[in-house]
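Number of protein chains: 2
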Amino acid sequence: MTIQQLIDQIRIKKSFLAVGLDVDLNKIPQHLLELEDPIFEFNKAIIDATHDLAVAYKPNTAFYEAYGIKGWMSLQKTIHYINENYPNIFTIADAKRGDIGNTSSMYAKAFFEDLNFDSVTVAPYMGKDSVEPFLAFENKHTIMLALTSNEGAFDFQTLNVDGKELYKHVLETSKTWKNSENLMYVVGATKAEYFTEIRKIVPDSFLLVPGVGAQGGSLSEVCKYGMNTTVGLLINSSRAIIYASNGTDFVEKARAEALKMQQEMSAIISLKFKV
Amino acid sequence: MTIQQLIDQIRIKKSFLAVGLDVDLNKIPQHLLELEDPIFEFNKAIIDATHDLAVAYKPNTAFYEAYGIKGWMSLQKTIHYINENYPNIFTIADAKRGDIGNTSSMYAKAFFEDLNFDSVTVAPYMGKDSVEPFLAFENKHTIMLALTSNEGAFDFQTLNVDGKELYKHVLETSKTWKNSENLMYVVGATKAEYFTEIRKIVPDSFLLVPGVGAQGGSLSEVCKYGMNTTVGLLINSSRAIIYASNGTDFVEKARAEALKMQQEMSAIISLKFKV
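Chains as they are written, first to last, in this note's numbering: chain A, 1 to 275; chain B, 276 to 550.
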């Protein structure tokens, strides 16, 4: 998917919601456990119920790997299901990969070719040659960790490097890499006040924003400081939507939560872009 | 496996060699491609031929994920094969994972429980709560990136933070985390001169050292500056051993390369420990 196609979808749906598919068998409705592939069935139900409200789905690979081969099969079925049935959806493999060059090429192959995701999240610690292999794929997007939503973000990401926080160096340096136009960045919603500074460095890039909802971030604050002229945000919500209920009404409850977020987003878009 | 058991194996085998199982179907002997699971068959042959010379095997997960479910099955068969046939071998899932707390717990479950590896490599960028879930597992080991062997290591890892390189902050900070005795660190062999400084911060920890051989690092230099009183090093070699030949003699050639490294290591151990 191209960036323009993603922007178009945001305009059409008046939504910049990414639904995180972090499926834990202990948290899904127990009646699904009787089915052959409960994780896929859960995802399918959530996707069918929310695809008109969300522009992106983001399975976190950890939740699939934890179930071994069965989990990897559920992931594969999920991404195929989305690609076949909802081709306008932007798909994110939340994998946080990164390794030396020839190894990162294999990860890129895994997520962009074998699984056919539109994007994958990567970690920056190993630098340029660990990320550029991902950037080489046309119309695929590499979402690099910049400032994350967790407590540990303050351990290293905000360390002072020559008068400037490390995450700012990460953002600036990444702009010099080959095909850097294929970069997006992870910026946690729990740090809304940082968005102003971040937008000075990457005014045009899409930012994937976790941490709204369960982790305490505010949608309106993030939009106030983080939105750019094409919206430029993908707000992720996982638990608040997919675990809205663990009963037989989980589909309706998930849709209701997604709708609530989409309506907030629609209001913000209307206000900001006077449409 | 406990640290003491690993140290015992190093003494018994006079080796601190870790063989990297980074299997690329384009590089293995082509006659194996006729078999049902060429990756596993290749690994099995390499392991059978080198298990008395190596103390550890390190499959890099990227090379398995690139082949989708079939790749993941090859990885599972490989780790099961090692655990069943060579229980004294230390196993390393080179996965470089790291995410927020509840997600890192799922990764830890994937590698320590589902696949039953002794250790997994992790990335530090997301800080304490992204690593501690791995450290909570008893007799499992978490190998965190400190200073890597690639060119991009100099993008961020050596940035000056208050007069000290970032990777030193990473090492120091990680020592304050819960169950930090379960930490080991990745330090690239291409940066042998850094080992002296690193040993001042983590004198007792095991260091996993990639970059000897194909990437240009020197075994004797690394040992000179990096060894501690229990050896404290695991030297990884991947391509130099497993791709020593891509003909029908690949097993003999791989063994010959591993033997060469083991003999160098044995000589170093004898010299250093006067045994």
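Since the hints were made in silico from the structure, they are not lab data.
Keep in mind the model is a prediction, meaning the values are calculated, not measured.
Check each hint, because a few of them may be wrong.
For each label pair, taking beta carbons as the anchor points, the in silico distance ranges come out as [as the list claims (entries may be wrong)]:
1) A:Ser-218 x B:Asp-323: 51 to 61 Å
2) A:Phe-154 x B:Ile-344: 18 to 28 Å
3) B:Glu-388 x A:Phe-154: 22 to 32 Å
4) B:Glu-388 x A:Glu-34: 33 to 43 Å
5) A:Ala-136 x B:Gly-522: 37 to 47 Å
6) B:Asp-323 x A:Lys-27: 53 to 63 Å
7) B:Lys-439 x A:Thr-176: 17 to 27 Å
8) B:Glu-311 x A:Phe-154: 42 to 52 Å
9) B:Gly-522 x A:Lys-77: 48 to 58 Å
10) B:Asp-283 x A:Ser-218: 51 to 61 Å
11) A:Lys-175 x B:Lys-450: 32 to 42 Å
Virtual Cβ for every residue (Gly too), placed ideally from N, Cα, C.
Verification of the hints:
For Ser-218 of chain A and Asp-323 of chain B, the Cβ-Cβ distance of about 58 Å falls inside the hinted range of 51 to 61 Å, so the restraint holds. For the pair Phe-154 of chain A and Ile-344 of chain B, the beta carbons lie near 38 Å from each other, so the given range of 18 to 28 Å is not met. The beta-carbon spacing between Glu-388 of chain B and Phe-154 of chain A, approximately 30 Å, falls within the hinted interval of 22 to 32 Å. Between Glu-388 of chain B and Glu-34 of chain A the C-beta distance comes to about 24 Å, which lies outside the given range of 33 to 43 Å.
For Ala-136 of chain A paired with Gly-522 of chain B, a C-beta distance near 32 Å fails the hint of 37 to 47 Å. At roughly 43 Å, the beta-carbon separation of Asp-323 of chain B and Lys-27 of chain A lies outside the given 53 to 63 Å, and the hint is violated. Distance hint for Lys-439 of chain B and Thr-176 of chain A: a CB-CB separation of about 25 Å, consistent with the stated range 17 to 27 Å. For Glu-311 of chain B and Phe-154 of chain A, the Cβ-Cβ distance of about 50 Å falls inside the hinted range of 42 to 52 Å, so the restraint holds.
For the pair Gly-522 of chain B and Lys-77 of chain A, the beta carbons lie near 39 Å from each other, so the given range of 48 to 58 Å is not met. The supplied range of 51 to 61 Å is met by Asp-283 of chain B and Ser-218 of chain A, whose beta-carbon atoms lie about 55 Å from each other. Judged by the Cβ atoms, the range 32 to 42 Å given for Lys-175 of chain A and Lys-450 of chain B holds: they are separated by roughly 34 Å.
Hint compliance for this structure: hints 2, 4, 5, 6 and 9 are not met, and every other hint is.
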